[in-house]
Amino acid sequence: MKNRKWLGLFTLLMGILLLAACSYGADDSTQGAKGDGEPAAEGEPKKGGKVSIPIVADPTFNPWHPNAYAESNVVNRVLFSGLTQTGENLEPIPDLAEEWETSEDELEWTFHLRDDVLWHDGEQFTADDVAFTFNEIVLNEELGANNTSYFGQLKEVQVVDDYTVKFIMESPVAALPAYLSFNTEIIPEHIFAGQDPWDLTSFNKENPVGTGAFKLKSYTSGQNVVLERNEDFYGDIALLDEVEYKVLADANTHVAQLLSGELSIFALDDLSAIDRIEGAENVTVEARETPRFFWIIANQEVEKYQDVRVRQAILHSIDRQNIIDTVLKGYGTIADAGIAPALKDYYTDDVTRYDYDPERAKELLAEAGWEDTDGDGVVDKDGEPFTIDFEIGLQGDLEAISQMVQQYLVKTGFDVNLNAMEWNSMIQEVVVNRDYEMSLNWWRYPADPDLSAYMHSRSVAGNNIPAYQNPELDKLLDAGAQTSDVEERKEIYVDAQKLMAEELPYIFLWYPQEAQVRATNLKGVPNLAFGDALHHIHKWYIEE
Amino acid sequence: MLRFLMNRLGQSIILLLIVTIITFFLINLAPGGPSSTMRMDATAEERQAMVEKLGLDEPVMVRYIEWIGNAFQGDLGTSFNSGEPVTQRILERLPYTIELTIFTILISVILGIFLGVLSAIKRGKAQDHVINFFSVVGLSVPAFWLGLMLILLFSINLGWLPSSGVGSRGEEFSLWGYVSHLILPVLILTTTVLPNIVRFTRSSMLEVISQNYIRTARAKGAKESIVLYVHALRNALIPIITIIGMLIPRLLSGAVITEAIFGWTGIGTLIIEAARGRDYPLVMGVTVVITIVVVVCNLLVDLLYSRVDPRVKNV
Amino acid sequence: MEVSTKPILTEDLDVKPSQGKTSVLKALRNNKVAYGSFWFLVVIHAVVFLGPLFWTTDPDTLQDAGSLASWSLQHPFGTDDLSRDVFARMLHGGRVTLIVGLAAMLFSLLIGTVVGACAGFFGKVVESILMRITEAMMAIPTFFFILVALTVLGTSPAMVILVIALAGWMEIARVVYGETLKWKEYEFVEAANASGATPFRILTKYIIPQIVPSIIVSGTLTIAAAILTESAISYLGLGIQAPTATWGNMLQNSQQYIWTAPVLGVLPGVAITIVVLAYNFLGDGLRDALDPKFVKK
Chain R
1 MKNRKWLGLF
11 TLLMGILLLA
21 ACSYGADDST
31 QGAKGDGEPA
41 AEGEPKKGGK
51 VSIPIVADPT
61 FNPWHPNAYA
71 ESNVVNRVLF
81 SGLTQTGENL
91 EPIPDLAEEW
101 ETSEDELEWT
111 FHLRDDVLWH
121 DGEQFTADDV
131 AFTFNEIVLN
141 EELGANNTSY
151 FGQLKEVQVV
161 DDYTVKFIME
171 SPVAALPAYL
181 SFNTEIIPEH
191 IFAGQDPWDL
201 TSFNKENPVG
211 TGAFKLKSYT
221 SGQNVVLERN
231 EDFYGDIALL
241 DEVEYKVLAD
251 ANTHVAQLLS
261 GELSIFALDD
271 LSAIDRIEGA
281 ENVTVEARET
291 PRFFWIIANQ
301 EVEKYQDVRV
311 RQAILHSIDR
321 QNIIDTVLKG
331 YGTIADAGIA
341 PALKDYYTDD
351 VTRYDYDPER
361 AKELLAEAGW
371 EDTDGDGVVD
381 KDGEPFTIDF
391 EIGLQGDLEA
401 ISQMVQQYLV
411 KTGFDVNLNA
421 MEWNSMIQEV
431 VVNRDYEMSL
441 NWWRYPADPD
451 LSAYMHSRSV
461 AGNNIPAYQN
471 PELDKLLDAG
481 AQTSDVEERK
491 EIYVDAQKLM
501 AEELPYIFLW
511 YPQEAQVRAT
521 NLKGVPNLAF
531 GDALHHIHKW
541 YIEE
Chain P
1 MLRFLMNRLG
11 QSIILLLIVT
21 IITFFLINLA
31 PGGPSSTMRM
41 DATAEERQAM
51 VEKLGLDEPV
61 MVRYIEWIGN
71 AFQGDLGTSF
81 NSGEPVTQRI
91 LERLPYTIEL
101 TIFTILISVI
111 LGIFLGVLSA
121 IKRGKAQDHV
131 INFFSVVGLS
141 VPAFWLGLML
151 ILLFSINLGW
161 LPSSGVGSRG
171 EEFSLWGYVS
181 HLILPVLILT
191 TTVLPNIVRF
201 TRSSMLEVIS
211 QNYIRTARAK
221 GAKESIVLYV
231 HALRNALIPI
241 ITIIGMLIPR
251 LLSGAVITEA
261 IFGWTGIGTL
271 IIEAARGRDY
281 PLVMGVTVVI
291 TIVVVVCNLL
301 VDLLYSRVDP
311 RVKNV
Chain V
1 MEVSTKPILT
11 EDLDVKPSQG
21 KTSVLKALRN
31 NKVAYGSFWF
41 LVVIHAVVFL
51 GPLFWTTDPD
61 TLQDAGSLAS
71 WSLQHPFGTD
81 DLSRDVFARM
91 LHGGRVTLIV
101 GLAAMLFSLL
111 IGTVVGACAG
121 FFGKVVESIL
131 MRITEAMMAI
141 PTFFFILVAL
151 TVLGTSPAMV
161 ILVIALAGWM
171 EIARVVYGET
181 LKWKEYEFVE
191 AANASGATPF
201 RILTKYIIPQ
211 IVPSIIVSGT
221 LTIAAAILTE
231 SAISYLGLGI
241 QAPTATWGNM
251 LQNSQQYIWT
261 APVLGVLPGV
271 AITIVVLAYN
281 FLGDGLRDAL
291 DPKFVKK
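Residue numbers (our numbering), protein chains in the order written: chain R, 1 to 544; chain P, 1 to 315; chain V, 1 to 297.
For the record, the hints were derived by calculation from the structure and aren't laboratory data.
Treat the hints with care, as some may be off.
[Stated by the list, open to error] Derived BS3-like pairs: lysine-lysine, alpha-carbon spacing no greater than 30 Å straight-line: (1) R/Lys-329 / R/Lys-498; (2) R/Lys-46 / R/Lys-217; (3) P/Lys-122 / V/Lys-32; (4) V/Lys-182 / V/Lys-205; (5) V/Lys-26 / P/Lys-122; (6) P/Lys-125 / P/Lys-223; (7) R/Lys-329 / R/Lys-381; (8) R/Lys-523 / R/Lys-46; (9) R/Lys-155 / P/Lys-122; (10) R/Lys-475 / R/Lys-490; (11) R/Lys-304 / R/Lys-411; (12) R/Lys-246 / R/Lys-498; (13) P/Lys-125 / V/Lys-32; (14) V/Lys-182 / P/Lys-125; (15) R/Lys-50 / R/Lys-155.
Take these sequences, add in the hints, and give me the full structure.
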C-alpha cells in the first residue's frame with residue numbers, strides 16, 4: 001500500500017519532468033515563412049533606439065592588452081578606430097587614414113590621416129598617437145602585446161607631419177592595410193605616455209578614451225557595458241542612441257534572450273539551436289563568409305605523417321559534408337586549401353579535391369606501406385600499428401567534430417586515441433611544447449590571402465604548428481607578400497592554393513560560415529561577418 | 001568565553017594557512033600557466049614576456065612567501081587577467097552570493113523546521129512519508145539537471161521567468177525584475193540544503209519528544225501544541241543551529257553550480273573564471289575569502305549556540 | 001537533554017564479535033522501500049554491466065540513422081546529436097558512472113576508516129591532529145577545491161575519482177571515530193588489549209568488524225554523493241571527457257540541445273536521479289535498521 005503511494009508520487013514527478021521536456025516545440029507550427037534576409041527594401045534610416053550584444057566575459061578596453069580576447073574585440077572595435085577598416089568586399093577602406101601609398105620597393109608606406117578627429121575626451125588625434133601605438137606598444141617586445149605577429153616586418157613608424165605617418169618595413173608586406181583593420185586600433189598617447197599600458201586600469205577597465213562612433217557611458221563588471229553615441233564623431237554620426245554589451249557566459253542564455261528580444265545581434269557559435277532560431281518570427285539568420293578555415297594538423301616532426309599519402313588518406317577517410325551537416329548544420333563549405341571564399345578575389349575551388357572515399361584512403365595507405373596484415377582492423381607497417389594520439393582543446397564544437405573524425409579514421413584502419421583536454425592544457429601541450437601527434441582547430445585571419453604566418457617555414461617557431469616546410473610554398477607565399485597588385489597576387493595565390501591542396505601542409509577541413517542572428521527590426525547591417533559589420537555600426541538603425 | 005574565542009581564532013588561522021598552502025602549490029605546480037591562456041596565435045616571445053611580467057619565473061616558494069606576507073597585510077594582489085585589485089573584484093561579486101545564500105537560508109530554515117516538526121509529530125503517517133520521500137528526492141536530484149528542467153519549463157515553454165542573470169541591476173529598480181531573477185536560483189540552492197534541515201529537525205524533535213520532561217509536561221496536561229512548540233522545539237533548536245553552521249560549506253559549494261546555471265555573477269562564477277583563466281591571485285583571493293566566510297559563520301554559530309544552550313556558556 | 005549522549009545499549013552489552021551482518025539484512029527486509037531499492041540497484045547494475053554483452057552496438061560508432069533520430073527498434077532510445085546509439089551510450093555511460101561512484105566510495109572509505117579508527121583508538125595527539133584535520137576539511141566548501149584541482153590538473157578518470165574521494169571521506173571518518181570510541185570500551189577488546197595484541201591486530205580483528213555495518217551505511221550514502229558530484233563536475237566540463245560516455249557528460253552535452261532536442265537530457269538525468277535515490281533509500285534504510293533509536297515497533 002505504502003509502496004504504491006510512493007511509486008505514484010515518483011511517477012508523477014518524473015511525468016512532470018518529462019512533460020516539461022516534451023511539451024516543447026508545439027509552438028513551432030505557428031511560425032510563418034522565415035525572414036530569409038529580405039533585401040534592402042527598408043524604410044528611411046531613423047535616429048534612436050539601442051542594440052544589445054552578448055559578450056561572454058568582462059572586456060578589457062585596450063585592443064593591445066594580452067587579455068583582450070573576442071569579448072574585448074567587439075567592444076574595442078566600436079570604441080576605437082584603426083587606420084583602416086574592412087569594407088563590404090573585405091578590402092581595406094579608409095578610417096583614420098584617408099589614403100595611403102607605398103614606395104616603389106614597397107618598403108615604405110605613407111598614410112595620410114584625417115585632421116578632424118577628436119578623442120572622446122576632446123583632445124585632437126594626431127600622427128603622434130599612431131607612432132606611439134606602434135613604436136611604444138606594438139614594437140616593444142617586453143610588453144608582449146596582442147597581434148604583434150602581423151607586424152614582425154615593421155621596423156618603425158615615423159611622424160612626417162601632424163597628419164602623415166610612414167611605416168618603414170624590413171621587407172615588403174602587401175597585406176599591411178588589411179592588417180591595420182584587424183584589432184589594431186590606435187590608442188591615445190596623451191593618456192598612455194609614460195604609463196604601463198597593461199596596468200593602467202583607470203583606462204583599460206574604467207574609462208577608455210577612443211575615437212570611435214560610440215563612447216563609454218557605463219560599465220558594471222559582470223553585468224554590462226553601455227556605450228552612447230559620440231556626437232563629435234568624425235564620420236557619419238551614429239543613428240543608434242546606445243550600444244549595450246551584456247556579459248552572459250552561457251550560450252543557451254544568448255539564444256533565450258535573442259528569442260525574447262533582449263539581444264539584437266551576434267554570431268551564433270553553437271548551432272544546436274539553429275532550427276529553433278530559424279523558426280522564430282522576430283529573428284533573421286544570415287550566413288556570412290568569414291576568412292577562417294578548420295584544420296587537422298599532423299605533426300611533421302613525427303615521421304609517419306611526413307608522407308603526403310598518409311595525410312591524403314586521412315582526408316579521404318573523413319565524410320566532411322556529413323560533419324558540416326551534423327555539427328555545423330550546413331554552415332560551411334568543404335575546404336581543400338586555406339584561402340576562404342570570403343576573399344572573393346583570391347579564392348579558387350579548382351584544386352585537388354578529396355572526396356569521402358575510404359577505399360581510396362586505404363589504397364593510399366597501402367602505397368605508403370600501411371596495410372592491415374594481422375587482420376585486427378588497424379593498418380600496420382613493419383609490425384607497428386598506426387596509432388594516432390589526437391589531442392584537442394575543449395571549446396565550442398571542436399569536441400563534437402573530433403569525435404566524428406575519430407570514428408571516420410577508425411573505420412579506415414587508424415587506431416585513434418582522442419584526448420579532449422581543457423583549453424589551456426591543450427595550448428600548453430600542442431602550441432607551446434609542440435608535444436602532440438595530431439590536433440584539430442581553426443584559424444581566423446585578417447582579410448588578406450597571405451597565409452605565411454601559418455605555413456611558411458619561417459613561421460615554424462610561430463603559428464606554423466604542424467612545422468610544415470616546403471621551399472616551393474615559401475617562394476609563392478613570399479611572392480604574394482611582396483606585391484600589392486591584385487591581379488598579380490591572384491595568380492600567385494591560385495598557384496599557392498593548388499600546391500596547398502596537393503601537399504596538405506594542413507589537413508584542410510572546411511571554411512565555416514558565420515550564422516549571424518539578429519533581430520529582424522535591426523537594419524543597416526552590411527553583408528559582413530558580425531565582427532566586421534561592427535566597423536559600420538554608425539549605419540545601423542532600428543526600424544519601427 | 002574569551003579563551004574559547006582565542007582558541008577558535010588560533011585554529012582558524014592555522015586552517016587558513018593550510019588552505020592557502022595547498023591551493024597555492026596546487027595551482028602553481030600544475031602544467032600550463034597563465035601564458036598558455038593567451039590566444040592560440042600568441043608567439044613564444046609574447047608568452048615569455050607574459051611570464052616575466054607576472055613574475056612567474058621566480059621559484060614557487062619565494063612567490064608563496066611574498067604572497068602570504070602581502071595577504072597578512074590585507075593585500076591580495078592584482079588579478080592577472082583584468083589588472084584590477086583582487087579584493088575589488090571579489091567585493092564586486094561577493095554581495096550577489098551573499099544575497100543568494102541569505103534568501104536560501106531563510107527559506108530553508110523556516111520551511112525546514114516547519115516540515116521537520118510536522119514530520120516528527122506525524123511520525124509514521126502519510127505526511128511523514130511524503131516529507132521524507134521528497135527530502136530524499138531533493139538530496140538525489142542533480143541540482144543542475146533540475147535547474148535545466150525548470151528553465152525548460154518556466155523560461156522556455158511558459159516564458160514566465162528569466163533563464164539567467166541577476167536582474168535589472170544598474171537600471172531602474174523593479175521589484176518583479178528583482179524577484180523573478182531570484183526565484184529559480186534560490187529554489188535550486190534550497191533543494192541542496194532544505195532536505196538536510198528537514199531530516200535533522202525531524203530526528204532532533206523525535207529525540208526530544210521521547211525525553212522525560214516532555215512526558216512530564218504532557219502528563220501534567222499541558223496543551224499538546226504548547227508542549228511541542230514551546231518545550232520540544234526550543235530544545236530541538238539547539239542542535240538545529242549546529243547543523244545550519246555545518247551546512248554553510250555545502251551551501252557555498254552548491255552556489256558554484258547554481259551560479260553557473262543561472263549566470264548569477266557571484267563568487268562561484270568568479271572562481272570558475274579564475275581557474276579557467278589561470279588567474280592565480282584571483283584563485284587564491286577567492287579561496288581565502290571563502291574560507292574566512294566559513295570560519296566567521298562557524299564562529300557565529302558557536303556564539304549563538306552558547307547563547308541558547310546555557311551549558312556551553314562557561315567553556 | 002543530558003550532557004552525556006553516549007547511548008547505553010544495555011541489551012547489547014554482551015555482544016559478540018561480528019554478529020551484525022545477518023541481522024542487518026533481516027532488519028532491512030522490514031523496510032520495504034530500502035529493500036526494494038536494494039533489488040532495484042542489483043537490477044540496474046546487472047543491466048549496465050551485462051547489458052553490453054547483449055546490446056552489442058558500439059556506443060561511439062556513427063549510425064546510418066543520422067543524428068537525433070527518434071526511437072526505433074534498431075535504436076530503442078534513438079540517436080544523439082552525432083548519430084550515435086543512445087541506448088548503447090546509456091549502458092556504457094552507466095558503467096563508467098557507477099564505477100566512478102564505487103571507486104571513489106572505496107577510496108573515501110579507506111581514508112575515512114583509517115583516519116577515524118586511528119583517531120578513536122589511539123586518542124591523545126593522534127586524535128587531536130586527525131580529527132582537527134577532518135573538521136577543517138568539513139568546514140571548507142570542497143567544491144571550490146574540486147573545481148580548481150580538476151581545472152589545473154586535468155580530468156583523467158583516475159584524477160576525477162581521486163579528487164571526488166579526497167573531498168568525501170570526512171563523514172565516514174567521523175562515524176568510524178565515534179564507533180571506535182564506543183567499541184574499544186567493550187570487554188572483549190580490553191581483554192585482547194590485556195593479552196598483548198598489537199594495535200593493528202586489535203583494530204582489524206576486533207574493532208573494525210564491529211563497525212562494518214556502519215561503514216556499509218556510510219559507503220552506500222557516499223556512493224550516492226560521489227555519483228552526484230561526478231555529474232556536477234561534468235556539468236562544468238571538468239568530468240570524464242568524450243569520447244568516453246558517462247551519464248554526467250551525456251547530460252552536460254544535452255544542454256546545448258535544450259532548444260531543439262530536450263529529450264536528450266531526460267534519460268541520463270532520470271538515470272542519475274533514480275540510482276542516487278535508490279542508494280540514498282538503501283543507506284537510510286540500513287541506518288534505521290542499525291540504529292536502535294529508530295527501530296520500528
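Check: Can the restraint linking P/Lys-125 and V/Lys-32 be considered satisfied, given a maximum Cα separation of 30 Å?
Finding: 15 Å, holds
Checklist line | Pair hint outcome, R/Lys-475 versus R/Lys-490 [Cα-Cα no greater than 30 Å] | finding: The hint holds at about 15 Å.
Next item on the list: Could you grab the alpha-carbon distance between V/Lys-182 and V/Lys-205 and see if it respects the 30 Å cut-off?
Entry: 16 Å, holds
Next item on the list: Take the C-alpha atoms of R/Lys-246 and R/Lys-498, compute the straight-line distance between them, and say whether it is at most 30 Å.
Entry: The hint is violated at about 44 Å.
Next item on the list: Given the hint that V/Lys-182 pairs with P/Lys-125, test it: the Cα-Cα distance must not exceed 30 Å.
Entry: Given pair V/Lys-182, P/Lys-125 is violated - Cα atoms ~34 Å apart, limit 30 Å.
Notebook entry, point to check: Is P/Lys-122 within 30 Å of V/Lys-32, Cα to Cα?
Noted result: The given pair, whose Cα atoms are some 20 Å apart, holds under the 30 Å limit.
Check: CA of R/Lys-50 to CA of R/Lys-155, is that 30 Å or under?
Finding: Judged against 30 Å, a Cα distance of about 42 Å means the pair is violated.
Notebook entry, point to check: Within a Cα-Cα threshold of 30 Å, do V/Lys-26 and P/Lys-122 meet the stated pairing?
Noted result: 26 Å, holds
Notebook entry, point to check: Going straight from one Cα to the other, do R/Lys-329 and R/Lys-381 come out at no more than 30 Å?
Noted result: 38 Å, violated
Note to self: With the threshold set at 30 Å, check whether the alpha-carbon distance from R/Lys-155 to P/Lys-122 stays at or below it.
What the structure shows: 85 Å, violated
Note to self: For R/Lys-523 and R/Lys-46, compute the direct alpha-carbon distance and say whether it is at most 30 Å.
What the structure shows: Measuring from Cα to Cα gives roughly 10 Å; hence the hint holds.
Notebook entry, point to check: Taking 30 Å as the top limit, are the C-alpha atoms of R/Lys-304 and R/Lys-411 close enough?
Noted result: OK: R/Lys-304 and R/Lys-411 at ~19 Å, within 30 Å.
Comparing the model with each numbered hint stated earlier shows that hints 7, 9, 12, 14 and 15 do not hold.
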